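Undergrad: Could you put together the complete structure from these sequences and hints?
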Amino acid sequence: EDVSSDEDEHEIWTAMDALHEVARALEEALGPAEGAKLAWRPQTTVELDEGNAGTLLKLIDTLEDDDDVQTVWGNYEVSDDVMARLG
Numbered sequence: 001e002d003v004s005s006d007e008d009e010h011e012i013w014t015a016m017d018a019l020h021e022v023a024r025a026l027e028e029a030l031g032p033a034e035g036a037k038l039a040w041r042p043q044t045t046v047e048l049d050e051g052n053a054g055t056l057l058k059l060i061d062t063l064e065d066d067d068d069v070q071t072v073w074g075n076y077e078v079s080d081d082v083m084a085r086l087g
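Mapped onto the working numbering, the consecutive letters of the sequence shown carry residue numbers 1 to 87.
Warning: the hint list may mix true and false statements.
Unchecked claim - Taking lysine to any residue pairs in the SDA-like style, the calculated list, with each CA pair at most 25 Å apart, reads:
#, residue 1, residue 2
1, K37, I12
2, K37, A84
3, K58, D17
4, K37, N52
5, K37, T55
6, K58, S79
7, K37, I60
8, K37, G54
9, K37, D6
10, K37, G51
11, K58, P32
12, K58, A84
13, K58, L86
14, K58, A33
15, K37, E50
Stated by the list, open to error - Beta-carbon label-pair distances, calculated as ranges:
#, residue 1, residue 2, range
16, K58, E28, 16 to 26 Å
17, Y76, L38, 13 to 23 Å
18, L57, E28, 34 to 44 Å
19, S4, G54, 34 to 44 Å
Since the hints were made in silico from the structure, they are not lab data.
This structure is a prediction, so every number in the text was calculated from the model and none was measured.
Note that beta-carbon positions come from the ideal geometry of N, C-alpha and C, so glycine has one too.
TA: Given below as structure tokens:
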């Protein structure tokens, strides 16, 4: 239903019940995938300003450094300008 690609990966969002069918079709067409996983996509997102984005990104870094945390998800958006200022 929704596809985005960059140099490193392709991200494909599809209905939950179609995940295995889509993964199988892609493997038949393109070869084995590095992975396929089920993830919930937020219905609404929150645009963060520079101060809140900086705080949140520090929290995410801390969580991701914790061995007990497997994945960190969020419903936030940070503009390219804000990300550039945060460096």
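Undergrad: Please verify whether K58 and P32 have alpha carbons no more than 25 Å apart.
TA: violated, 35 Å
Undergrad: For a C-alpha distance cap of 25 Å, please report whether K58 and A33 respect it.
TA: violated, 31 Å
Undergrad: Quick one, are K58 and S79 close enough, alpha carbons at most 25 Å?
TA: Within the cut-off at roughly 17 Å; holds.
Undergrad: Are the Cα positions of K37 and I60 separated by 25 Å at most?
TA: holds, 20 Å
Undergrad: Between the beta carbons of K58 and E28, is the distance compatible with 16 to 26 Å?
TA: Since K58 and E28 have Cβ atoms about 43 Å apart, the given range 16 to 26 Å is violated.
Undergrad: Is K37 within 25 Å of G54, Cα to Cα?
TA: violated, 28 Å
Undergrad: Between K37 and A84, does the CA-CA distance stay at or below 25 Å?
TA: Given pair K37, A84 is violated - Cα atoms ~30 Å apart, limit 25 Å.
Undergrad: Need the status of pair K37, D6: alpha-carbon distance at most 25 Å?
TA: holds, 18 Å
Undergrad: Decide if the proposed pair is consistent with the structure: K58 and A84, CA atoms, cutoff 25 Å inclusive.
TA: holds, 15 Å
Undergrad: Can you let me know if the beta-carbon spacing of L57 and E28 is within 34 to 44 Å?
TA: holds, 39 Å
Undergrad: Sort out whether N52 lies within 25 Å of K37, counting only the CA atoms.
TA: violated, 29 Å
Undergrad: Going straight from one Cα to the other, do K37 and E50 come out at no more than 25 Å?
TA: With Cα atoms ~31 Å apart, K37 and E50 exceed 25 Å; violated.
In the structure shown, a violation is registered for the earlier hints numbered 2, 3, 4, 5, 8, 10, 11, 14, 15, 16, 19, in ascending order.
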